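K.L.:
Below, each chain spelled out in residue letters.
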Amino acid sequence: MIRIILPQHLRTLAQVRGEVTLEVNGPATQRSVLDALEARYPMLRGTIRDQVTQQRRAFLRFFACEQDLSHELPDAPLPDAVASGKEPFIIIGAIAGG
Amino acid sequence: MSKVRVLVGTRKGAFVLTSDGKREQWDVGGPHFAGWEIYHLKGSPADPNRLYASQSSGWFGQLIQRSNDGGKTWEPVGNKFAYDGVPGTHQWYDGTPHPWEFKRVWHLEPSLTDPDTVLAGVEDAALFRSSDGGQTWAELSGLRGHGSGPKWQPGAGGMCLHTIILDPRDPNRIFIAISAAGAFRTDDAGKTWKPINRGLYSQTIPDPRAEVGHCVHHVAMHPARPEVLFMQKHWDVMRSDDAGESWQEVSGNLPTDFGFVIDVHAHEPETIYVVPIKSDSEHFVPDGKLRVFRSRTGGNEWEALTKGLPQTNCYVNVLRDAMAVDSLDKCGVYFGTSGGQVYASADAGDSWNPIVRDLPAVLSVEVQTLA
Numbered sequence: 001m002i003r004i005i006l007p008q009h010l011r012t013l014a015q016v017r018g019e020v021t022l023e024v025n026g027p028a029t030q031r032s033v034l035d036a037l038e039a040r041y042p043m044l045r046g047t048i049r050d051q052v053t054q055q056r057r058a059f060l061r062f063f064a065c066e067q068d069l070s071h072e073l074p075d076a077p078l079p080d081a082v083a084s085g086k087e088p089f090i091i092i093g094a095i096a097g098g
Numbered sequence: 099m100s101k102v103r104v105l106v107g108t109r110k111g112a113f114v115l116t117s118d119g120k121r122e123q124w125d126v127g128g129p130h131f132a133g134w135e136i137y138h139l140k141g142s143p144a145d146p147n148r149l150y151a152s153q154s155s156g157w158f159g160q161l162i163q164r165s166n167d168g169g170k171t172w173e174p175v176g177n178k179f180a181y182d183g184v185p186g187t188h189q190w191y192d193g194t195p196h197p198w199e200f201k202r203v204w205h206l207e208p209s210l211t212d213p214d215t216v217l218a219g220v221e222d223a224a225l226f227r228s229s230d231g232g233q234t235w236a237e238l239s240g241l242r243g244h245g246s247g248p249k250w251q252p253g254a255g256g257m258c259l260h261t262i263i264l265d266p267r268d269p270n271r272i273f274i275a276i277s278a279a280g281a282f283r284t285d286d287a288g289k290t291w292k293p294i295n296r297g298l299y300s301q302t303i304p305d306p307r308a309e310v311g312h313c314v315h316h317v318a319m320h321p322a323r324p325e326v327l328f329m330q331k332h333w334d335v336m337r338s339d340d341a342g343e344s345w346q347e348v349s350g351n352l353p354t355d356f357g358f359v360i361d362v363h364a365h366e367p368e369t370i371y372v373v374p375i376k377s378d379s380e381h382f383v384p385d386g387k388l389r390v391f392r393s394r395t396g397g398n399e400w401e402a403l404t405k406g407l408p409q410t411n412c413y414v415n416v417l418r419d420a421m422a423v424d425s426l427d428k429c430g431v432y433f434g435t436s437g438g439q440v441y442a443s444a445d446a447g448d449s450w451n452p453i454v455r456d457l458p459a460v461l462s463v464e465v466q467t468l469a
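First to last, the sequence lines map onto chains Z and B. The working numbering applies: residue 1 is where the first sequence begins, and numbers increase by one. The working numbering applies: residue 99 is where the second sequence begins, and numbers increase by one.
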């Protein structure tokens, strides 16, 4: 089981509260986790990755286990603690404000 | 009794304003999509309860929302806007080639006859169509593939296709406008396009009379006279009496001919409205006065409409899609400002009242007249 924390706007869009939990077939990678997330919540397609290029949106980052995983390859394995559900995979938006 | 529904897109959400035909008491609904930029929302002429909204964000990209109940509830539909084939390049600000990149939807134009068919004008400039209620989108690539495409360049707000006008007499004829490429027309339902910029004069481009490169801000048409077009260009208010084949300047006695909006009275095809803005370096109304200018002669002779509008210390802007008219008698005119006010006139502009004063900055205003 993978735990995912979405930014507030995407929780509203997907109509979820708190964490999202997903089962992922095969190795847990950024790509497999996001594929599973978008399959469960189709309205999130295009909001985290560009639909055409599949590139992470520039103002979003992927954090887990106190690491910034944003620049890892999409098919690189996620940390064991994320794959096991001990730690969440955090999708976070750049802060903005004055 | 008739009702009016005003659809307002803002920097931080959408609002739906409703009133009866008197247009005196208003109910303000929203915000919908709070915190998101709503560049535009518009209802289907064929089914007024079918609305489409363009929802976007610098963080999360583009979404399209659809309502089947006049804006009470919404559902996200398709948001995959993929350019047809290899996108190619247009000119960047510095004149170098730059790849076409999708950024957002500026304008949604529902079909006049089919609630499930809608056109989307996007940045970087292209036209997309959905015929399944917004679930899937396909580019009408004959426009971007026009031979002039590599010469198109962005205005300061991006290279946006912001205006789409459907000809009610000829379903194969569509007018569009792009900043800063100019206006284009198709007579074969989008397969092929021609620039319609003859008569435009823009001092900010190397050849002021070039076929493309003009920063057209908005175009308006009265449905009873689809061959007559009115244009607010970056500078200059223009009209065409031959479906865009040629244009003549009709700025006349306007205090400044820079601006964004232009619209036509619902029942008087020669009565038009603009909101002059001081300049392209000072994007607010001149002299601290918010004035709509009306011409009853199709241009050249303009009168200032000020009753009910602030005439001191006002420094707002009115963006290109932020004016609309209803079809009641007398014609209602509506516009929204960068200061968050939405003003309404129930007497064709003679007097104005704010429907609401403190919304986020207004990006677009559309009006539905309901039976």
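Note that these hints are calculated values from the structure, not bench results. One should not assume that every hint holds.
According to the in silico footprint, chain B covers these stretches of chain Z (three or more CB under 8 Å from chain B) [what the hints assert, rightly or not]:
1. 1-10
2. 37-51
3. 56-62
A quick note: this is a predicted structure, and the numbers were derived from the prediction, not measured. Even for Gly, the Cβ is constructed at its ideal location relative to N, Cα and C.
K.L.:
Give a verdict on every hint.
P.N.:
Verification of the hints:
Coverage of a stretch by a chain is defined here by at least three residues with a beta carbon nearer than 8 Å to that chain's beta carbons; for the segment 1-10 of chain Z and chain B the count is 3, and the condition holds. With a threshold of 8 Å between beta carbons, the proposed coverage of the segment 37-51 of chain Z by chain B holds, since 7 of its residues qualify and at least three are required. Closer than 8 Å: that is the beta-carbon criterion, and the segment 56-62 of chain Z has 3 residues meeting it against chain B, so the requirement of 3 holds.
Going through the hint list in order, the structure satisfies each hint without exception.
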